[in-house]
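Just so you know, the sequences run in chain order A, Z and C. Residue numbers are given in my numbering: position 198 of the first sequence equals residue 198, and the series is strictly consecutive. Offset between the second sequence (1-based) and my numbering: plus 1000. Offset between the third sequence (1-based) and my numbering: plus 2000.
Possibly wrong hints are sitting among the right ones.
A short, non-exhaustive set of chain C residues, derived as facing chain Z with CB atoms under 10 Å [stated by the list, open to error]: (1) Met-2107; (2) Ala-2109; (3) Ile-2147; (4) Ala-2149; (5) Val-2156; (6) Leu-2158; (7) Ala-2160; (8) Gly-2163; (9) Ala-2164; (10) Leu-2167.
With a straight-line cut-off of 16 Å between C-alpha atoms, the simulated EDC-like cross-links for lysine to aspartate or glutamate are [what the hints assert, rightly or not]: (11) Lys-2171(C) <-> Asp-1150(Z); (12) Lys-1428(Z) <-> Asp-1356(Z); (13) Lys-1365(Z) <-> Glu-1434(Z); (14) Lys-1350(Z) <-> Glu-1440(Z); (15) Lys-2171(C) <-> Asp-1101(Z); (16) Lys-1100(Z) <-> Asp-1150(Z); (17) Lys-358(A) <-> Asp-196(A); (18) Lys-2176(C) <-> Asp-328(A); (19) Lys-1365(Z) <-> Glu-1440(Z).
Hints listed in this document are in silico derivations from the structure and should not be mistaken for laboratory results. Just so it is clear, the structure is predicted and the values come from calculations on it, not from any experiment. No residue lacks a Cβ here, since even glycine has one placed at the ideal position from N, Cα and C.
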Amino acid sequence: MADFFHTLGAPIRWIVETFLWLPEPFQYLLYIVALVLAIILPLLLAVAMLVYAERKIWAAMQMRRGPNVVGPFGLLQSFADGLKLFLKETVVPSGANKGIFLLAPVVTFSLALVAWAVIPFDAKLVLADLNVGVLYVFAISSLGVYGILMAGWASNSRYALLAAVRSAAQMVSYEVSIGFVLVTVMVWVGSLNLSDIVEAQAGGFWNWHIFSHLPMAVIFFISALAETNRTPFDLPEAEAELVAGYQVEYSSMAFALFWLGEYANIILMCALTSLLFFGGWHSPIPGFMETIPFTDWSAGWLWFFWKIFAFFFLFGWIKATLPRYRYDQLMRLGWKVFLPISLFAVVFYAGLALALGKI
Amino acid sequence: MEQSYPNLIPALPELWLALGALVLLMLGVFRTNHVRRTVNNAAALMLAVAFFLVFAVGPTHQVTFSGLFVSDGFTLFMKALVLLGSGAVLVMSKPYLVDKDIFRFEYPVLVVTATLGMLMMVSANDMLSLYLGLELQSLSLYVLAAFNRDRQRSTEAGLKYFVLGALSSGMLLYGISLIYGFSGTTNFTILAGLYSGGATPSVGVLVGLVFVLAGLAFKISAAPFHMWTPDVYEGAPTPVTAFFAAAPKIAAMALVVRLLMGTFQGLVADWQQLVVFLSIASMVVGAFLALVQTNIKRLMAYSSIGHVGFALVGLAAGTTEGVTSLLVYMAIYLSMTLGAFACILSMRHKEGMCEDISDLAGLAKNQPRMAAALAIFMFSLAGIPLLAGFFGKLLVFLAAISAGLYTLALIGVLASVVGAFYYLRIVKIMYFDEPADAFEAPESRSIGLVMGVTAALNSPLSFFLISPLVAWAGAAAGALVL
Amino acid sequence: MIAALSFYLFATVTLLAGLMVILSRNPVHSVLFLILAFFSAAALFVLLGAEFLAMVLIIVYVGAVAVLFLFVVMMLDIDYVQLREGFAQYMPIGGIIGLMLLAELIMVATARMVDPPIGLGSGPAIPDADAVTNTEALGRLLYTDYIYAFQTAGLVLLVAMIGAIVLTHRKRPGVKRQVIADQISRTAKDAIEVVKVKSGEGI
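Start from the sequences and build out the full structure, keeping to the hints where you can.
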């Protein structure tokens, strides 16, 4: 954590030094809060800009212009939308279970942020270098279903409840194959620490897991689509059947929190894909960028960012082009295709790792 | 890292059954019900092979899997009985299941997993393996009890068994955790070492032992933990009832014996009164409540409660002789029960299977051979001299008397006199009542075979078999009680 | 200091959530409090240094078991008045059993101090926490000393699965099922027939 402290440099040091007169535990808390903010604020900014980027991508694919009114090239569109939602009234339906109704978006949003604690942005640049980082992310993402279930139940609306039930079944089903995919990577690397997993892929793109684990990476990415309720698996909010699914009764900030959480989750899944299979912060050809003079574009976090953005583009591309799955097809894919393949892969990769002397 | 693999040889029968069950399951799932007959036959064959594997492993004392698993003369005896019971039930099941349209490939698979659980119980050498084996067996049995899922009686039986079984498992676990908390170990060998030298155990161990005993008493359906037995026996499909009455009783009894005699023998003074109480209660409940039954499966339920009581008389003695008599009693009980259920499974009108005692009226005129066989089983169950059941009772009472438990033996004799009444009533109905509708001739040769063999074993011929059986049981008991 | 504060925080939350599980009137609230209790219990595990157990607790209990639990409870339409009928009648016996169990728990806790277990240390040795991570230590134990129990537990779960399928799965007649292989193997030749239509005659 000390390295993180140094990397972020002056601003945080200044804040902490200003409050040196506080008793020790408070200093520590302040320090943690500063670190957390250093992750969350850029993340939320990224969400806003990525939403804008995504709308532009869709527009380009459908030969439209996309947002272009607010600010230069429509860059400020997301902020305008955010402001609008912020100023609106929060409507709680009279039949709703008020506490849970308001808690649901908070749960979704905070879980989406909490998972970022163990994501390494660069070597040593991680808030909590947990030994069981992969499991932590998996655990937090498996909790994501609660926000939706609570929202669906507390809304006291048929559409919302149906969406919640669909969503719960969907997320639980796809978590199973995600879990097995994670196991194949963990067995291969011999560690549950995300930094270790990235370090195992150092030294050029030919070392990335995408080549050794190609089918697993595909399964992981598709399951990530299902886990984040994105097209073609966006049945929980299927507008044609369920209006807007579990969000149907939400307005204003409560709605905005769902929306922010959803996008934070999507970025998280993109980040995980690049960490697990695409070398995380490592450059594809080490030393290549450093040969170009007058630039400092070789920083690890920048590579990480480009990779995240590439997968985000893929998410947007898929949403712009693929139709929605039918529910039975979704379940079939999860249980009858992915589960057997990933189960077999666990045995296969464990055997291979043993044969290659990795274990 | 050093690699050390556990010795798998002592667990050969279990491994064989576990792998076999998986193969059968796959076969059934991928070929569906086309292969149910094949799966059934293959399962029976597998149990037969397991029977030989048990003997191949032999009676030498072997402990493996880091002390979780034991194989010795005692397990050899008990496993042989369990496999005989399961195998006999499996070959008798088909006609009934076909008749009720519930002949599915899962039935033999579940019977095999239940049997596997029983073998694990018999071989348990640790509280952990005891509990896991017990759960494997119970879970299979819960499903089997509800196997006729479209009939309310059957699902009710399954649910009742499940809820009460879960409660008993809870008590068992509570007791196990108390024993672990106060002794610091769950291993039977270490526990036996701790308490064999007359060391005074802490109260926690004793309380834990009581809880464990209560949980196991539920599984052997000893009174006052017998409430589930009649309902479950009546509601479950008849082959499943036969299975309940035969194999699980023996496995659970093996656990009780291993726990009390093999592990806590040093505390015999502490548990003896409990076993005496269980024994008396079971004998009395079995004898008196059976008198008013009209359904033969309910009658067999109370009969099995009573017989567990008689078997516990041997255990109450707390001696090697007592254990020997218990083992002999369980072997004879197995043959009597299997035979009786072979007859019940042949009770078939034109309209289908029937299970009322009144349906047996005049059986001697319609089906003289079956009536004769059933009469033998009833006489044997009642303990009429010269039949096998008599020798079993004689041995347990002798063991009790030589241990000084005169009252217990006296109550046992009285209870068997009362019990004889309802067994003989069936014989009277068969031979002296006006004939009811005739049964259809049994179509299954395997049921006839089981009936014939068990009838021969229970007939006065058994006189010649009893001394080798006693010798073998004595060796088994000797392996247990060190 | 921070660790102690966190312990008291999470312990308090665990206890209060546990209390609310049985006190709340709405079963959905009960399940949600149960989840909170699991969650803070996992946090306590982390404080103990057992991070693997903590994560598994969350993944298995909160992420899977409790979801299905909530699923079922949400679907139920329970009449609470009817549910509470006869509650008072069973209260005394339930209370007595509860008190007995409590007394025994206290007995265990206190007597262990007076009369320490004599067979302790007979199990496998606990490895040094600095040498091996607790994930590895647990894995070694499960796959070596307790492989028998581990595999048996797997069999128990398999039987539970078979049971659930046997008792609930039915083939309904008249339901159309998608057979993907058939769909893909269909060609234009089997599906379309080109008919020459003579003018004025129809087909």
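Here is how each hint holds up against the structure:
no., hint, verdict
1, Met-2107, "holds, 7 Å"
2, Ala-2109, "holds, 9 Å"
3, Ile-2147, "holds, 7 Å"
4, Ala-2149, "holds, 5 Å"
5, Val-2156, "holds, 5 Å"
6, Leu-2158, "holds, 8 Å"
7, Ala-2160, "holds, 6 Å"
8, Gly-2163, "holds, 4 Å"
9, Ala-2164, "holds, 9 Å"
10, Leu-2167, "holds, 5 Å"
11, Lys-2171(C) <-> Asp-1150(Z), "holds, 14 Å"
12, Lys-1428(Z) <-> Asp-1356(Z), "holds, 15 Å"
13, Lys-1365(Z) <-> Glu-1434(Z), "holds, 10 Å"
14, Lys-1350(Z) <-> Glu-1440(Z), "holds, 7 Å"
15, Lys-2171(C) <-> Asp-1101(Z), "holds, 15 Å"
16, Lys-1100(Z) <-> Asp-1150(Z), "holds, 10 Å"
17, Lys-358(A) <-> Asp-196(A), "holds, 14 Å"
18, Lys-2176(C) <-> Asp-328(A), "holds, 12 Å"
19, Lys-1365(Z) <-> Glu-1440(Z), "holds, 13 Å"
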